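Enquirer: The residues making up each chain are set out below.
Protein chains: 2
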Amino acid sequence: MNEELENEQTSIPNGKSGLIARIKAGTSTSHPETMVGIGNDAAVLSGFEEEKTLVSTSIFAEGIHFDLTYTPIKHYGYKVVVASISDILAMNALPTHIMISLAISNKIMQKHVLEFYDGVHAACHEYGIDLIGGDLTTSRFGISISATAIGKASDYDITYRNGAHPTDLICVTGDLGGAYMGLQLLEREKTLFNANPESQPQLAGYDYILRRQLKPEAREELRKYLKAKGVKPTSMINVESGLASELMNICRESKTGCEIFEDRIPIHSDTRKMAQEFNINPVVAALNGGDDYELLFTIPLKSYDKIKNNDFFKIIGSINKLEQGSNIVMNDGAIMPLEPSLNTKTFQNAQ
Amino acid sequence: MNEELENEQTSIPNGKSGLIARIKAGTSTSHPETMVGIGNDAAVLSGFEEEKTLVSTSIFAEGIHFDLTYTPIKHYGYKVVVASISDILAMNALPTHIMISLAISNKIMQKHVLEFYDGVHAACHEYGIDLIGGDLTTSRFGISISATAIGKASDYDITYRNGAHPTDLICVTGDLGGAYMGLQLLEREKTLFNANPESQPQLAGYDYILRRQLKPEAREELRKYLKAKGVKPTSMINVESGLASELMNICRESKTGCEIFEDRIPIHSDTRKMAQEFNINPVVAALNGGDDYELLFTIPLKSYDKIKNNDFFKIIGSINKLEQGSNIVMNDGAIMPLEPSLNTKTFQNAQ
Numbered sequence: 000m001n002e003e004l005e006n007e008q009t010s011i012p013n014g015k016s017g018l019i020a021r022i023k024a025g026t027s028t029s030h031p032e033t034m035v036g037i038g039n040d041a042a043v044l045s046g047f048e049e050e051k052t053l054v055s056t057s058i059f060a061e062g063i064h065f066d067l068t069y070t071p072i073k074h075y076g077y078k079v080v081v082a083s084i085s086d087i088l089a090m091n092a093l094p095t096h097i098m099i100s101l102a103i104s105n106k107i108m109q110k111h112v113l114e115f116y117d118g119v120h121a122a123c124h125e126y127g128i129d130l131i132g133g134d135l136t137t138s139r140f141g142i143s144i145s146a147t148a149i150g151k152a153s154d155y156d157i158t159y160r161n162g163a164h165p166t167d168l169i170c171v172t173g174d175l176g177g178a179y180m181g182l183q184l185l186e187r188e189k190t191l192f193n194a195n196p197e198s199q200p201q202l203a204g205y206d207y208i209l210r211r212q213l214k215p216e217a218r219e220e221l222r223k224y225l226k227a228k229g230v231k232p233t234s235m236i237n238v239e240s241g242l243a244s245e246l247m248n249i250c251r252e253s254k255t256g257c258e259i260f261e262d263r264i265p266i267h268s269d270t271r272k273m274a275q276e277f278n279i280n281p282v283v284a285a286l287n288g289g290d291d292y293e294l295l296f297t298i299p300l301k302s303y304d305k306i307k308n309n310d311f312f313k314i315i316g317s318i319n320k321l322e323q324g325s326n327i328v329m330n331d332g333a334i335m336p337l338e339p340s341l342n343t344k345t346f347q348n349a350q
Numbered sequence: 000m001n002e003e004l005e006n007e008q009t010s011i012p013n014g015k016s017g018l019i020a021r022i023k024a025g026t027s028t029s030h031p032e033t034m035v036g037i038g039n040d041a042a043v044l045s046g047f048e049e050e051k052t053l054v055s056t057s058i059f060a061e062g063i064h065f066d067l068t069y070t071p072i073k074h075y076g077y078k079v080v081v082a083s084i085s086d087i088l089a090m091n092a093l094p095t096h097i098m099i100s101l102a103i104s105n106k107i108m109q110k111h112v113l114e115f116y117d118g119v120h121a122a123c124h125e126y127g128i129d130l131i132g133g134d135l136t137t138s139r140f141g142i143s144i145s146a147t148a149i150g151k152a153s154d155y156d157i158t159y160r161n162g163a164h165p166t167d168l169i170c171v172t173g174d175l176g177g178a179y180m181g182l183q184l185l186e187r188e189k190t191l192f193n194a195n196p197e198s199q200p201q202l203a204g205y206d207y208i209l210r211r212q213l214k215p216e217a218r219e220e221l222r223k224y225l226k227a228k229g230v231k232p233t234s235m236i237n238v239e240s241g242l243a244s245e246l247m248n249i250c251r252e253s254k255t256g257c258e259i260f261e262d263r264i265p266i267h268s269d270t271r272k273m274a275q276e277f278n279i280n281p282v283v284a285a286l287n288g289g290d291d292y293e294l295l296f297t298i299p300l301k302s303y304d305k306i307k308n309n310d311f312f313k314i315i316g317s318i319n320k321l322e323q324g325s326n327i328v329m330n331d332g333a334i335m336p337l338e339p340s341l342n343t344k345t346f347q348n349a350q
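So the protein lines, in turn, are chains A and B.
Sequential numbering from 0 applies to the first sequence in numbering that gives the first Met the number 0.
Sequential numbering from 0 applies to the second sequence in numbering that gives the first Met the number 0.
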């Protein structure tokens, strides 16, 4: 924390040069394509040689995607990078560069802007991403963040949403619903705090789901694993808004149906425990909760032997013909149609 | 206008697929690099061969950069494209692709989202830009827009902010201060309307400055002109926030001073007329007003003969040594130090 800035109001126009110099000072670039980063009207990248360039952009709004009441702004810097590079990873590509913009009201101090970019820098360091630019402006109404992630992949490796075929296996990394349950916990504590500001937050023992909400990680290892195994996914998508709607995006684009099984959906024991406390069905959290940033993808049935018993993902069902519908088989044998989540959902590059 | 949508609240999650399908339907792509646009987690571009890739991102906030009280949202769609591609043009590069994101509150109807993208499509058509993606989400507080523009240029042609040298001529396209005076006019009419909703806006005869504010144009012709004349600019910047602060950005990055002349600053007669009505010095509007999206650049003194009497830009002064300071020579002979504008200013890729 910088004392000089501590009590200063942001006043972007007045403090901007200094802020930007500090953000730039925390930035290092490592990709050979980065010719010029922060400091001009645009960043300059050299060609990715034989590989294709992937570009993805996202926008996040205060009160919808984040709430500064219960989350340090540094976490949002980190999380925005993770969310954005997950869109590149979901194309089976390597994320390399990012640009992050911030529109902030004058209730936010300069030190918070720097803390936000500390989080950005931390995530860039973690995932080997070059921060090459952004935009910083004032807003009258809360905070907005936008991110543009850039990556590269060979034509052969790039995976779209529309390549799933009947009999393909449906796979998902990590586990689902944890970020949603973490959010419920934070909102409960916020309500209690608002009712009684003397109350202490009761967060002990909930580390896993809090981390899922506050500091999600991107699944960069999947691409390498599949490559090493010689398995090319037929379709892939970033799980931003719940398994149900993402799977339905794949089915719609691929013109297929699907069948998944309740007992195959990966749900962490802490997610189940919290769901029980809230009297929420944990499967509903997994199907409709957001912010997991796991990768949902399909692989040909014939690749099963190559990937069975792996540590990175679970097989949760298979792709069907369109006319068979999109369903979930519950543990009691009931077959329910999948419904898209009604969560706030971004349309990354327009679904 | 689509009747089906007219009275519907936006409700992005419910109406999203339809909205996006409509946005996509209005999109055509023409650049050979566009492999895949709207429809996946990221867009895919093939390499720009021998040329470098330029990327620029901007964020705009309601109440700061735009006000729906007096401007149809379609204009903002157009203007955001112009503002963004001007950042690519200011690198002496050709803008080719754009991604536009929108975070909107539920007071905005679906038809307004479509009107916004109508404006985006119109500008993309005008400037030959491929819309290849974006993001659409809800916000609690007003509207935010973000844009990422992509372009290409040869290593030789790319122009930065830091290449100005003493004796270089300082040049600017078009004219300055008009957008600022247009904004003053719109704000006056808004105040009158708020005081008396029966009043009719008095906008007749102010077409030029209104157009400068509501439908600015990007200076795409400059690059071609300079190329044809064999003149390579030594530095360039997009005039987003007033001549003074942009010129000082060039001087700071180039470690130089500068001298410009009041009587050389291009100001349209309608801008002068409006300024007089408002009792504003029109030179102040040119120095500190925003939103002009003209290009400010420097060329070597020896190139003067090649560009004299051209229709695209004016020479307003010259670059000096750093120790000579950055000054404006007033018509009465007084020498005043240039001060950066205190306008809201974006730091495109961090100034």
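Honestly, I wouldn't trust all of these hints.
Note that the list lumps identical chains together, so a pair holds whenever it fits in one copy or between two copies.
As the list claims (entries may be wrong) - Derived lysine to any residue pairs resembling SDA-like cross-links, with alpha carbons at most 20 Å apart:
| id | residue 1 | residue 2 |
| --- | --- | --- |
| 1 | K320 | E252 |
| 2 | K189 | P71 |
| 3 | K254 | N326 |
| 4 | K23 | M247 |
| 5 | K106 | L67 |
| 6 | K228 | V328 |
| 7 | K272 | V283 |
| 8 | K189 | R139 |
| 9 | K73 | L337 |
| 10 | K226 | H74 |
| 11 | K189 | D174 |
| 12 | K272 | I306 |
| 13 | K231 | H164 |
| 14 | K189 | V81 |
| 15 | K106 | E276 |
| 16 | K320 | R139 |
| 17 | K307 | R21 |
| 18 | K254 | G17 |
| 19 | K254 | A24 |
| 20 | K73 | I306 |
| 21 | K272 | V35 |
| 22 | K307 | A20 |
| 23 | K106 | R139 |
| 24 | K254 | A20 |
| 25 | K223 | P71 |
| 26 | K23 | I334 |
| 27 | K254 | L300 |
| 28 | K110 | I306 |
| 29 | K73 | S27 |
Simulated from the structure, these hints should not be mistaken for lab results.
Keep in mind it's a predicted model, so treat the numbers as computed, not measured.
Enquirer: Take the hints in turn and mark each one as holding or not.
Expert: Each hint tested on the structure:
Taking the shortest Cα distances, K320 and E252 sit within 20 Å of each other inside one copy (13 Å), while across copies they are farther apart (60 Å). For the homomeric pair K189 and P71, the shortest alpha-carbon distance inside one copy (14 Å) is at most 20 Å, but the shortest distance between copies (39 Å) is not. Taking the shortest alpha-carbon separations for K254 and N326, only the intra-copy value of 15 Å comes in at or below 20 Å, while the best inter-copy value is 65 Å. Taking identical chains as interchangeable, the C-alpha atoms of K23 and M247 lie at most 20 Å apart only when they sit on different chains, with a minimum of 19 Å there against 41 Å within one chain.
Proximity of K106 to L67 under the C-alpha cut-off of 20 Å is restricted to the intra-copy arrangement: shortest distance 12 Å within a copy versus 23 Å between copies. Neither within a single protomer nor between protomers do K228 and V328 lie at most 20 Å apart by alpha-carbon distance, with minima of 30 Å and 70 Å respectively. In this assembly of identical chains, the alpha carbons of K272 and V283 lie at most 20 Å apart only when taken from the same copy (14 Å versus 64 Å across copies). For the homomeric pair K189 and R139, the shortest alpha-carbon distance between copies (18 Å) is at most 20 Å, but the shortest distance inside one copy (24 Å) is not.
For the identical chains of this complex, K73 and L337 are neighbours neither inside a copy (36 Å) nor across copies (37 Å), given an alpha-carbon limit of 20 Å. Taking CA atoms no more than 20 Å apart as the test, K226 paired with H74 passes in neither setting, with 31 Å inside one copy and 47 Å between copies. Proximity of K189 and D174 under a CA criterion of 20 Å is satisfied in neither setting, with 26 Å inside one chain copy and 53 Å between copies. For a Cα distance limit of 20 Å, the shortest separation of K272 from I306 qualifies neither inside one copy, at 30 Å, nor across copies, at 74 Å.
For the identical chains of this complex, K231 and H164 are intra-copy neighbours only, at 13 Å inside a copy versus 53 Å across copies, given an alpha-carbon limit of 20 Å. In this homomeric assembly, K189 and V81 never come within 20 Å of each other (Cα to Cα): the closest approach is 25 Å inside a single copy and 42 Å across copies. For a Cα distance limit of 20 Å, the shortest separation of K106 from E276 qualifies neither inside one copy, at 36 Å, nor across copies, at 35 Å. When the C-alpha separation of K320 and R139 is checked against a cutoff of 20 Å, the pair qualifies neither within a copy, at 50 Å, nor between copies, at 40 Å.
Taking the shortest Cα distances, K307 and R21 never come within 20 Å of each other, neither inside one copy (48 Å) nor across copies (41 Å). In the homo-oligomer, the alpha carbons of K254 and G17 lie at most 20 Å apart only across protomers (17 Å), although the nearest pairing inside one protomer, at 52 Å, exceeds that limit. In this homomeric assembly, K254 and A24 come within 20 Å of each other (Cα to Cα) only across copies, at 19 Å, whereas the closest approach inside a single copy is 48 Å. In this assembly of identical chains, the alpha carbons of K73 and I306 never lie at most 20 Å apart, being 37 Å within a copy and 50 Å across copies at closest.
For the identical chains of this complex, K272 and V35 are neighbours neither inside a copy (49 Å) nor across copies (43 Å), given an alpha-carbon limit of 20 Å. Taking identical chains as interchangeable, the C-alpha atoms of K307 and A20 are never at most 20 Å apart, the minima being 50 Å within one chain and 38 Å between chains. For the homomeric pair K106 and R139, the shortest alpha-carbon distances inside one copy (10 Å) and between copies (17 Å) are both at most 20 Å. For a Cα distance limit of 20 Å, the shortest separation of K254 from A20 across copies, 16 Å, qualifies, whereas the shortest one inside one copy, 50 Å, does not.
Taking identical chains as interchangeable, the C-alpha atoms of K223 and P71 are never at most 20 Å apart, the minima being 32 Å within one chain and 48 Å between chains. For the homomeric pair K23 and I334, neither the shortest alpha-carbon distance inside one copy (54 Å) nor that between copies (34 Å) is at most 20 Å. In this assembly of identical chains, K254 and L300 lie within 20 Å of each other by CA distance solely inside one copy; the values are 18 Å within and 63 Å between copies. In this assembly of identical chains, the alpha carbons of K110 and I306 never lie at most 20 Å apart, being 47 Å within a copy and 47 Å across copies at closest.
In this homomeric assembly, K73 and S27 come within 20 Å of each other (Cα to Cα) only inside a single copy, at 18 Å, whereas the closest approach across copies is 39 Å.
Hint compliance for this structure: hints 6, 9, 10, 11, 12, 14, 15, 16, 17, 20, 21, 22, 25, 26 and 28 are not met, and every other hint is.
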